[in-house]
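Colleague: All chains should be built: construct the whole structure from the sequences, respecting the hints.
In case you want the letters, here they are:
Number of protein chains: 2
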Amino acid sequence: MASITEVARQAGVSTATAARVMAAADYPVSEGTRQRVLDAALALDYVPNALARGLQKSRIAVVGVIVHDIIDPYFSEVVRGIEDVAATDGYLVITCSSDRSPARENSYVRLLRSMRAAAVIFAGSGMDDPARNEELARHLAGMRDNGAAIVHLSPHAFGEPEVGVDNAAGIAAMVAALATLGHGRIAFLAGPTALYVARERLAGYRRAVADLGLGTDRGLVVPTTFDSEGGGRAVDRLLASGVSFTAICCANDLLALGAVRRLGELGIDVPGSVSVAGFDDISVAAITAPKLSTVRLPLRELGRRGFAHAVRQLAGETLAPEVFPTEVVLRDSTAPPPAASPMKGTA
Amino acid sequence: MASITEVARQAGVSTATAARVMAAADYPVSEGTRQRVLDAALALDYVPNALARGLQKSRIAVVGVIVHDIIDPYFSEVVRGIEDVAATDGYLVITCSSDRSPARENSYVRLLRSMRAAAVIFAGSGMDDPARNEELARHLAGMRDNGAAIVHLSPHAFGEPEVGVDNAAGIAAMVAALATLGHGRIAFLAGPTALYVARERLAGYRRAVADLGLGTDRGLVVPTTFDSEGGGRAVDRLLASGVSFTAICCANDLLALGAVRRLGELGIDVPGSVSVAGFDDISVAAITAPKLSTVRLPLRELGRRGFAHAVRQLAGETLAPEVFPTEVVLRDSTAPPPAASPMKGTA
DNA sequence: CTGAAAGCGCTTACAG
DNA sequence: CTGAAAGCGCTTACAG
Numbered sequence: 001m002a003s004i005t006e007v008a009r010q011a012g013v014s015t016a017t018a019a020r021v022m023a024a025a026d027y028p029v030s031e032g033t034r035q036r037v038l039d040a041a042l043a044l045d046y047v048p049n050a051l052a053r054g055l056q057k058s059r060i061a062v063v064g065v066i067v068h069d070i071i072d073p074y075f076s077e078v079v080r081g082i083e084d085v086a087a088t089d090g091y092l093v094i095t096c097s098s099d100r101s102p103a104r105e106n107s108y109v110r111l112l113r114s115m116r117a118a119a120v121i122f123a124g125s126g127m128d129d130p131a132r133n134e135e136l137a138r139h140l141a142g143m144r145d146n147g148a149a150i151v152h153l154s155p156h157a158f159g160e161p162e163v164g165v166d167n168a169a170g171i172a173a174m175v176a177a178l179a180t181l182g183h184g185r186i187a188f189l190a191g192p193t194a195l196y197v198a199r200e201r202l203a204g205y206r207r208a209v210a211d212l213g214l215g216t217d218r219g220l221v222v223p224t225t226f227d228s229e230g231g232g233r234a235v236d237r238l239l240a241s242g243v244s245f246t247a248i249c250c251a252n253d254l255l256a257l258g259a260v261r262r263l264g265e266l267g268i269d270v271p272g273s274v275s276v277a278g279f280d281d282i283s284v285a286a287i288t289a290p291k292l293s294t295v296r297l298p299l300r301e302l303g304r305r306g307f308a309h310a311v312r313q314l315a316g317e318t319l320a321p322e323v324f325p326t327e328v329v330l331r332d333s334t335a336p337p338p339a340a341s342p343m344k345g346t347a
Numbered sequence: 001m002a003s004i005t006e007v008a009r010q011a012g013v014s015t016a017t018a019a020r021v022m023a024a025a026d027y028p029v030s031e032g033t034r035q036r037v038l039d040a041a042l043a044l045d046y047v048p049n050a051l052a053r054g055l056q057k058s059r060i061a062v063v064g065v066i067v068h069d070i071i072d073p074y075f076s077e078v079v080r081g082i083e084d085v086a087a088t089d090g091y092l093v094i095t096c097s098s099d100r101s102p103a104r105e106n107s108y109v110r111l112l113r114s115m116r117a118a119a120v121i122f123a124g125s126g127m128d129d130p131a132r133n134e135e136l137a138r139h140l141a142g143m144r145d146n147g148a149a150i151v152h153l154s155p156h157a158f159g160e161p162e163v164g165v166d167n168a169a170g171i172a173a174m175v176a177a178l179a180t181l182g183h184g185r186i187a188f189l190a191g192p193t194a195l196y197v198a199r200e201r202l203a204g205y206r207r208a209v210a211d212l213g214l215g216t217d218r219g220l221v222v223p224t225t226f227d228s229e230g231g232g233r234a235v236d237r238l239l240a241s242g243v244s245f246t247a248i249c250c251a252n253d254l255l256a257l258g259a260v261r262r263l264g265e266l267g268i269d270v271p272g273s274v275s276v277a278g279f280d281d282i283s284v285a286a287i288t289a290p291k292l293s294t295v296r297l298p299l300r301e302l303g304r305r306g307f308a309h310a311v312r313q314l315a316g317e318t319l320a321p322e323v324f325p326t327e328v329v330l331r332d333s334t335a336p337p338p339a340a341s342p343m344k345g346t347a
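Protein chains in written order, with the numbering used here: chain A, 1 to 347; chain B, 1 to 347.
For the record, the hints were derived by calculation from the structure and aren't laboratory data.
For each residue, glycine too, the CB sits at the ideal point set by N, CA and C.
Check each hint, because a few of them may be wrong.
Unchecked claim - From the structure, some residues in chain B lie toward chain A, with a derived Cβ separation under 7 Å:
#1 L42
#2 A43
#3 V47
#4 P48
#5 A52
#6 I70
#7 E83
#8 V85
#9 I94
#10 R113
#11 R116
#12 V284
#13 A286
#14 T288
Modeller: Spelled out as structure tokens, the structure:
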């Protein structure tokens with residue numbers, strides 16, 4: 001691979017001059033000289049060494065994105081949004097699937113730090129894990145000292161996201177929509193207790209249920225994982241517990257998909273006997289049967305704005321947090337409750 | 001950020017010694033010295049600079065993965081497989097969504113080249129675009145000269161994939177399964193003509209249809225895009241053309257999902273009136289209604305083996321191509337053809 | 001407008 | 001087992 005030295009030699013100029021025409025677009029260089037350097041670069045198939053440049057600047061044009069799992073459509077959508085904007089600015093994006101393991105998350109952040117990534121974006125929620133968060137905080141402080149930008153798209157241990165969504169309000173809106181349909185006993189599949197985002201969603205559910213004077217039986221709230229298997233298991237738990245309910249509101253779409261599937265296996269009609277609602281509006285939500293009622297989050301836009309936020313941080317700006325609106329989307333998995341008796345477990 | 005120089009000073013040794021304990025695990029250093037260096041590193045929160053190391057080695061522990069779109073479950077699954085193995089080896093993975101634009105693909109490869117990525121894995125198929133492929137070839141040659149590994153997981157302009165699947169055989173197996181169900185007139189949604197992988201799948205269809213003596217009317221094969229919208233449009237085209245058919249075999253799952261959806265909108269029962277089969281077995285294929293019959297590709301494993309292949313290339317090994325088997329999975333979108341007259345367009 | 005030179009933080013022959 | 005020193009390929013004051 002040709003280096004700037006060889007380009008300079010071939011063009012008959014100093015490396016300083018060659019470097020200026022290759023990288024510093026605005027530096028004054030005479031037209032003739034500039035052209036000779038450009039010709040030499042072309043002839044030698046010169047591609048600048050980003051590592052050398054990065055070593056010099058102590059930063060490279062790379063964004064790390066920490067996700068739970070790139071397979072989860074929620075995250076691939078956000079990553080795509082980041083990539084859209086990053087590509088425009090010549091940034092490359094590194095995806096890191098942590099599987100929600102704080103240890104893996106820390107090890108990725110350390111790697112990103114060692115690469116002097118210009119920014120790291122936490123696409124998912126933080127976890128309540130004091131020991132690990134301490135190490136995380138140390139790495140983030142190190143990166144910030146070095147001028148890197150840190151952006152969160154969900155609530156986390158160190159505060160509110162720079163770019164996010166009002167989770168509690170979103171869930172509350174769905175609960176209200178369900179109540180409007182006539183549901184008075186709404187179960188809630190809550191997601192992992194350790195995730196801050198799940199806590200916010202649960203808070204939204206509790207607030208709405210209280211505000212609307214709906215049923216609050218203990219067994220109505222089921223802690224779960226955040227995947228579709230968890231949705232299926234929660235349905236079983238709900239039925240076994242004996243609580244009565246006519247609707248299931250889920251903390252994310254994957255749970256809702258799993259719940260719908262399990263209900264189908266059990267011969268319970270959705271939405272005839274039970275309504276099911278999701279949250280996030282991942283792309284599959286619109287193509288399952290029945291099509292899922294859910295709360296739409298502007299996932300791709302969250303990614304775009306998250307990157308834009310990082311770039312402006314790098315430019316030294318101080319920015320106010322951005323909160324995007326959510327929207328209830330009623331499709332085919334919700335309906336008024338059955339006229340007869342509500343769904344009831346067999347405890 | 002502390003550098004190796006500061007660690008060395010604090011430990012009272014030369015930078016050479018400090019560097020050896022930090023990076024060269026097997027280099028002989030006396031126990032006492034080693035411990036003092038380790039202590040200093042810890043105290044200073046030292047994180048090695050991967051850029052400096054990479055500049056030295058002319059290579060950094062990063063894999064670039066070129067995908068069509070990270071949103072497409074086919075690709076996110078492959079990427080996850082790559083990441084699984086890469087993380088173990090301390091590699092970071094950069095995802096590049098080209099949207100199947102050769103221009104974007106080239107610009108990503110150039111960026112990866114400038115970063116001195118240790119490897120680039122092409123997860124998707126190559127495109128027949130001579131002008132762009134020339135530039136691509138130049139970049140890849142440059143990277144190879146520099147010792148980088150290049151791996152393809154699908155057919156491409158420069159030959160067969162290092163790790164892949166027998167696409168033609170996979171489609172042929174599905175056509176045979178459909179024939180076994182009793183279908184004699186099977187339409188084929190072929191995907192983009194410019195993609196090598198689509199050509200292989202089409203070849204598999206033609207071969208099977210010929211071998212089995214099935215209907216070969218001209219209108220039976222419909223070129224399409226590779227997304228679900230394309231599947232919907234193809235159904236309209238098929239119906240308008242007037243060909244008769246009882247099954248639709250699709251070059252990928254997204255097409256099949258779109259076809260099923262469009263058929264549903266038109267009130268045509270799947271699989272009662274028409275059978276629909278996909279290809280790839282992306283994760284949603286199992287949760288749609290009806291559940292999609294398809295051909296399973298070991299996507300995640302393809303990713304894992306692809307990375308393993310890259311690592312062994314980096315180690316200087318010469319490896320034979322690996323071809324993974326595919327498997328027909330019959331679910332609920334296929335059935336014997338209706339006893340009455342076959343589906344027929346209204347041309 | 002142009003160049004000589006130092007330096008970013010490592011690695012690695014080479015010498016001891 | 002340890003260290004002095006050169007070099008990877010750029011960028012950037014500084015001087016002219």
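Colleague: Once the shortest beta carbon distance from P48 of chain B to chain A is found, is it less than 7 Å?
Modeller: holds, 6 Å
Colleague: Going by Cβ atoms only, is I70 of chain B closer than 7 Å to chain A?
Modeller: holds, 5 Å
Colleague: Against chain A, is L42 of chain B within 7 Å by beta-carbon distance?
Modeller: Result: violated, 11 Å to nearest chain A Cβ.
Colleague: Is the interface hint for I94 of chain B satisfied, with its Cβ closer than 7 Å to some Cβ of chain A?
Modeller: Holds, because the Cβ-Cβ distance from I94 of chain B to chain A comes to roughly 5 Å (cut-off 7 Å).
Colleague: Does the closest beta carbon of chain A sit nearer than 7 Å to the beta carbon of A286 of chain B?
Modeller: violated, 9 Å
Colleague: Would you settle whether the hint for A43 of chain B is holds or violated, based on the nearest Cβ-Cβ distance to chain A being less than 7 Å?
Modeller: violated, 13 Å
Colleague: Does E83 of chain B pass the interface hint, meaning its C-beta sits closer than 7 Å to a C-beta of chain A?
Modeller: Holds, because the Cβ-Cβ distance from E83 of chain B to chain A comes to roughly 6 Å (cut-off 7 Å).
Colleague: Is the interface hint for T288 of chain B satisfied, with its Cβ closer than 7 Å to some Cβ of chain A?
Modeller: holds, 6 Å
Colleague: Hint check: is the beta carbon of V47 of chain B less than 7 Å from a beta carbon of chain A?
Modeller: Cβ of V47 of chain B sits 5 Å from chain A, so the hint holds.
Colleague: Would you settle whether the hint for V284 of chain B is holds or violated, based on the nearest Cβ-Cβ distance to chain A being less than 7 Å?
Modeller: Holds: closest Cβ of chain A sits about 5 Å from V284 of chain B, inside 7 Å.
Colleague: Using 7 Å as the Cβ threshold, decide whether V85 of chain B counts as touching chain A.
Modeller: violated, 12 Å
Colleague: Holds or violated: is the Cβ of A52 of chain B closer than 7 Å to a Cβ in chain A?
Modeller: holds, 5 Å
Hint violations for this structure: numbers 1, 2, 8 and 13, all remaining hints satisfied.
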